[in-house]
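Here is how the chains run, residue by residue.
2 protein chains.
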Amino acid sequence: MHLQRRGLGVELIAVTNDRFDVAMLARIIVEVEPFVDYFIIRERTKTANEYIRLIGRLSAAKVNKEKLIINDRVDVAVVTGINKVQLPGHGLTLQQVKSYFPNLRTGRSIHSPEEAWEASRSGADWLLYGHVYDTDCKKGVPARGLEELKLIAENVQSDIYAIGGIKPEHVVELNKMNIRGIAVMSSIFDSAKPARAAEEYHEACRAYQFLEGG
Amino acid sequence: MHLQRRGLGVELIAVTNDRFDVAMLARIIVEVEPFVDYFIIRERTKTANEYIRLIGRLSAAKVNKEKLIINDRVDVAVVTGINKVQLPGHGLTLQQVKSYFPNLRTGRSIHSPEEAWEASRSGADWLLYGHVYDTDCKKGVPARGLEELKLIAENVQSDIYAIGGIKPEHVVELNKMNIRGIAVMSSIFDSAKPARAAEEYHEACRAYQFLEGG
Numbered sequence: 001m002h003l004q005r006r007g008l009g010v011e012l013i014a015v016t017n018d019r020f021d022v023a024m025l026a027r028i029i030v031e032v033e034p035f036v037d038y039f040i041i042r043e044r045t046k047t048a049n050e051y052i053r054l055i056g057r058l059s060a061a062k063v064n065k066e067k068l069i070i071n072d073r074v075d076v077a078v079v080t081g082i083n084k085v086q087l088p089g090h091g092l093t094l095q096q097v098k099s100y101f102p103n104l105r106t107g108r109s110i111h112s113p114e115e116a117w118e119a120s121r122s123g124a125d126w127l128l129y130g131h132v133y134d135t136d137c138k139k140g141v142p143a144r145g146l147e148e149l150k151l152i153a154e155n156v157q158s159d160i161y162a163i164g165g166i167k168p169e170h171v172v173e174l175n176k177m178n179i180r181g182i183a184v185m186s187s188i189f190d191s192a193k194p195a196r197a198a199e200e201y202h203e204a205c206r207a208y209q210f211l212e213g214g
Numbered sequence: 001m002h003l004q005r006r007g008l009g010v011e012l013i014a015v016t017n018d019r020f021d022v023a024m025l026a027r028i029i030v031e032v033e034p035f036v037d038y039f040i041i042r043e044r045t046k047t048a049n050e051y052i053r054l055i056g057r058l059s060a061a062k063v064n065k066e067k068l069i070i071n072d073r074v075d076v077a078v079v080t081g082i083n084k085v086q087l088p089g090h091g092l093t094l095q096q097v098k099s100y101f102p103n104l105r106t107g108r109s110i111h112s113p114e115e116a117w118e119a120s121r122s123g124a125d126w127l128l129y130g131h132v133y134d135t136d137c138k139k140g141v142p143a144r145g146l147e148e149l150k151l152i153a154e155n156v157q158s159d160i161y162a163i164g165g166i167k168p169e170h171v172v173e174l175n176k177m178n179i180r181g182i183a184v185m186s187s188i189f190d191s192a193k194p195a196r197a198a199e200e201y202h203e204a205c206r207a208y209q210f211l212e213g214g
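For the protein sequence lines, the chains are A and B, in the order given. The numbering used here puts the first residue of the first sequence at 1, with every later residue one more than the last. The numbering used here puts the first residue of the second sequence at 1, with every later residue one more than the last.
Bound-form chain A, shown alone:
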């Protein structure tokens, strides 16, 4: 367990979808923040400067920096004082980040038990495994289902988050998989009412959150 431990339960990560400009994305993140444990800021077409302006707006709006995870741009995380990065397969390696930026906590996306063992051995603090259910984002690629998810979650040290096609009603069965949480992109950020969507996930997840001492 390396993300801030909140007790037994299912956490909610919202992954941004690279479809909004900085101002609009900031507004949506601020709106959904009360319902979300972490955000992966994954904006492939945005420049470093746009990332930094986004973080500036979020800080001005008092979004908790501990909730923010920067995808790929480790340098942006460093200069904005964000201590978590998500490393895509085409990005820096875990080993590189661990040796040159030892204060950063690191997540990886994985798609098989083999990738999970390797990433976990290399010191990944958390892993996103998917896609678990069918999703329009991965058309034509069959969903991986829950068995492998369970196998991974029970056998690696890193926290496991499930991603891909997850609906609020899936949380009941996902909670049995020994995972740390779920990650959601389009169902929140493509929604006409992102805050309402996030709240539904939050409520589904909260049923399994028993905050220690809370």
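Please keep in mind that the hints were generated in silico from the structure rather than gathered at the bench. Among the clues, some could well be false.
Note that identical chains are pooled: a pair holds if it fits in a single copy or bridges any two copies.
Claimed, not checked - Dumping the calculated BS3-like pairs for lysine-lysine here, alpha-carbon to alpha-carbon at most 30 Å: (1) K98 with K62; (2) K65 with K98; (3) K98 with K67.
A quick note: this is a predicted structure, and the numbers were derived from the prediction, not measured.
Based on these hints, arrange chain B on the given structure of chain A.
Chain B alone, transformed into the frame defined by chain A:
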């Protein structure tokens, strides 16, 4: 003077053009390296992983790392042990890089005296000013000519490199501008014979290089 001082003269920077894959780009850089003082690796569509594979190939081919400047991806420079970065206008700021990565030397692209003063005051080690001559890369944007270049070169601390439409025959007049060198992209990397093209620039520049003690 912040890049490695080679004595009075005109240095040659080759700027990559983001048109080749890793293997081909590595081959071209290795070929032209004998004629080039610095490379700005500016591959906007390449991933961090591709940058790192490129650097790996160049290291394997014994390209002098001191000649390499990474555009934009400061994190890539750090993990590959490259100590120079070129910061685009949409990238991290000079101030950010200076405070979080104090060991890196930094260059900036500028287009006016105002930008030159500001970048120089902020501690830029070198500046690329352009475009000086008409170039197909900046169609419809009038060339800035030599007067402003001279004004900047004589009034800022940072080293000035001219860029934009420079041909080998321009070096004679450019050498009178008090600049540190020239930067060339398409005339080298779009050439059918990149090594021959680089050699022509090198010969034009070398006429003004009097190596100290050499």
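So, going through the hints one by one against the coordinates:
1. For a Cα distance limit of 30 Å, the shortest separation of K98 from K62 qualifies both inside one copy, at 29 Å, and across copies, at 26 Å.
2. In this homomeric assembly, K65 and K98 come within 30 Å of each other (Cα to Cα) both inside a single copy, at 21 Å, and across copies, at 23 Å.
3. Within a single copy, K98 and K67 get their C-alpha atoms as close as 20 Å, and across copies as close as 27 Å, so both meet the 30 Å cut-off.
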